[in-house]
Amino acid sequence: MQVRTLSIGSIRRWTLLSAAVGILASCTSPNSDDVRVKSEKERKATPDFALKDVTGATVKLSDYKGKVVLLNFWATWCGPCKIEIPWFMDFQKTYKDREFAVIGVSMDEDGWDAVKPYIEQHKLNYRVVVGNNEVSQLFGSIDSLPTTLVIDREGRIASMHLGLVSKKTYAQEIEQLLGTPKNASQSGALLAPGGEFAFLRAK
Amino acid sequence: MTPKPEPLAAKAGSAVEFKLPLQLREGYHINTNMPPDPYLIPLRLTWDAGPLTVSEVVYPKPSLLKVEFFPAPLPVFSGRFELITRFRVAASAQPGLVNVPGKLRYQACNDRMCLPPKTIDLTLPVSVSR
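From first to last, the protein sequence lines stand for chains V and D.
Be aware that the first sequence starts at 1, since it is given in this note's numbering, and climbs by one per residue.
Be aware that the second sequence starts at 1, since it is given in this note's numbering, and climbs by one per residue.
Hints were generated in silico from the structure; no laboratory data involved.
Here a beta-carbon is modelled for each residue, glycine too, at the ideal position from N, C-alpha and C.
Watch out, some of these pointers could steer you wrong.
To be verified - Which stretches of chain V does chain D cover? Using the computed rule of at least three CB atoms under 8 Å from a CB of chain D, they are:
no.: 1; segment: 70–82
no.: 2; segment: 130–141
Unchecked claim - Below, a list of computed lysine to any residue pairs in the SDA-like style, where the Cα atoms sit at most 25 Å apart:
no.: 3; chain 1: V; residue 1: Lys44; chain 2: V; residue 2: Lys65
no.: 4; chain 1: D; residue 1: Lys118; chain 2: V; residue 2: Asn132
no.: 5; chain 1: V; residue 1: Lys168; chain 2: D; residue 2: Asp111
no.: 6; chain 1: V; residue 1: Lys52; chain 2: D; residue 2: Pro117
no.: 7; chain 1: D; residue 1: Lys61; chain 2: D; residue 2: Val16
no.: 8; chain 1: V; residue 1: Lys96; chain 2: V; residue 2: Asp63
no.: 9; chain 1: D; residue 1: Lys118; chain 2: V; residue 2: Lys96
no.: 10; chain 1: V; residue 1: Lys93; chain 2: V; residue 2: Leu138
no.: 11; chain 1: V; residue 1: Lys116; chain 2: D; residue 2: Lys61
no.: 12; chain 1: V; residue 1: Lys116; chain 2: D; residue 2: Gly13
no.: 13; chain 1: V; residue 1: Lys116; chain 2: D; residue 2: Asp37
Looking at chain V on its own, in the form it has when it is part of the complex (with noise of 0.2 Å):
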């Protein structure tokens, strides 16, 4: 679904515009708080990455395998986003004994000019990476935000949710998956880099 958010109005003295079509904004699909943890068997590897977090360490998604992991795409100028922060607080700091994990994956322009200064005045306790065009592309092309993964222990997605969705939403997935055996099923053949995502584009 193509959404419009901002459009130019056509008056007597106009200007236009080289290029002005770029004015017409697109998002994504809506999105749901219903909790939707995929079967094993429709969860699709996820794509690897390997990005600088704020010390300069390399967060390589693939060593996470494992862990349950919640990848969250997100931005200092995103409201949205700025919600959900606490929440993640919370559960990196509940689950953290039970091989858990938060990831933030900034979507800042100004990268860590602007994310630094907000992770420290928030005092965010988990991992947060600088993202960039070639990572967004990888998930399909990130193109709202907050974007959400939620990851099984054997690196696949298990969910995703689009948008602001509930604490508790969240909270059940990662119970849910915390739940799983880590001997389970094995995960299928690797898929070609962001195709799994491709209905992330629907444009």
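On the provided structure of chain V, position chain D as indicated by the hints.
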């Protein structure tokens, strides 16, 4: 279809006003030019200097939106609104048609999600006379 713009008429040495009408899709809002949270991205309309220079850009009165992530109601623009630019035309401006390039930067959200910031290129055709 590309609209055939009617140039803005401007006399050399005078002041001239241009209104840019905008409309946001229902349910969406954008930040004002002076959002109270420094992390929010302001609406910004800018024009390149040339025979016309900007004396001021007038933004409308915002509406207030209660949001969970900020302690006070957030001033935002939504629906239909206009941005007014007041230009000064140089006394030395040569008669004829000039195109004034500009940029509109904004970032839109609804109550559940935000879209990335965008910058749109604008061109304002101006017919300068003596």
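Item checked: chain D over the segment 70–82 of chain V, status - at least 3 residues with CB closer than 8 Å -> holds (count 8)
Check: Count the residues of the segment 130–141 of chain V with a beta-carbon closer than 8 Å to any beta-carbon of chain D: does the count reach three?
Finding: violated (count 0)
Notebook entry, point to check: Between Lys168 (chain V) and Asp111 (chain D), does the CA-CA distance stay at or below 25 Å?
Noted result: Holds, at roughly 18 Å.
Check: Has the given pair, Lys118 (chain D) with Lys96 (chain V), been kept, meaning a C-alpha gap of at most 25 Å?
Finding: Since the Cα atoms of Lys118 (chain D) and Lys96 (chain V) sit roughly 38 Å apart, the hinted pair is violated (cutoff 25 Å).
Checklist line | Distance restraint between Lys118 (chain D) and Asn132 (chain V), which requires alpha-carbon spacing of 25 Å or less | finding: holds (16 Å)
Check: Taking 25 Å as the top limit, are the C-alpha atoms of Lys116 (chain V) and Asp37 (chain D) close enough?
Finding: holds (16 Å)
Next item on the list: Sort out whether Val16 (chain D) lies within 25 Å of Lys61 (chain D), counting only the CA atoms.
Entry: Judged against 25 Å, a Cα distance of about 22 Å means the pair holds.
Item checked: Agreement of Lys116 (chain V) and Gly13 (chain D) with the hint, judged by alpha carbon distance not exceeding 25 Å -> violated (48 Å)
Notebook entry, point to check: Does Lys61 (chain D) lie within 25 Å of Lys116 (chain V) when you go C-alpha to C-alpha?
Noted result: Violated. Lys116 (chain V) to Lys61 (chain D) sits at ~33 Å, over the 25 Å cutoff.
Next item on the list: Take the C-alpha atoms of Lys44 (chain V) and Lys65 (chain V), compute the straight-line distance between them, and say whether it is at most 25 Å.
Entry: holds (14 Å)
Margin query: Can you confirm whether the C-alpha distance between Lys52 (chain V) and Pro117 (chain D) stays at or below 25 Å?
Written below: holds (23 Å)
Note to self: Check whether the Cα positions of Lys93 (chain V) and Leu138 (chain V) lie no farther apart than 25 Å.
What the structure shows: violated (29 Å)
Violated hints, in rising order: 2, 9, 10, 11, 12; the structure is consistent with all others.
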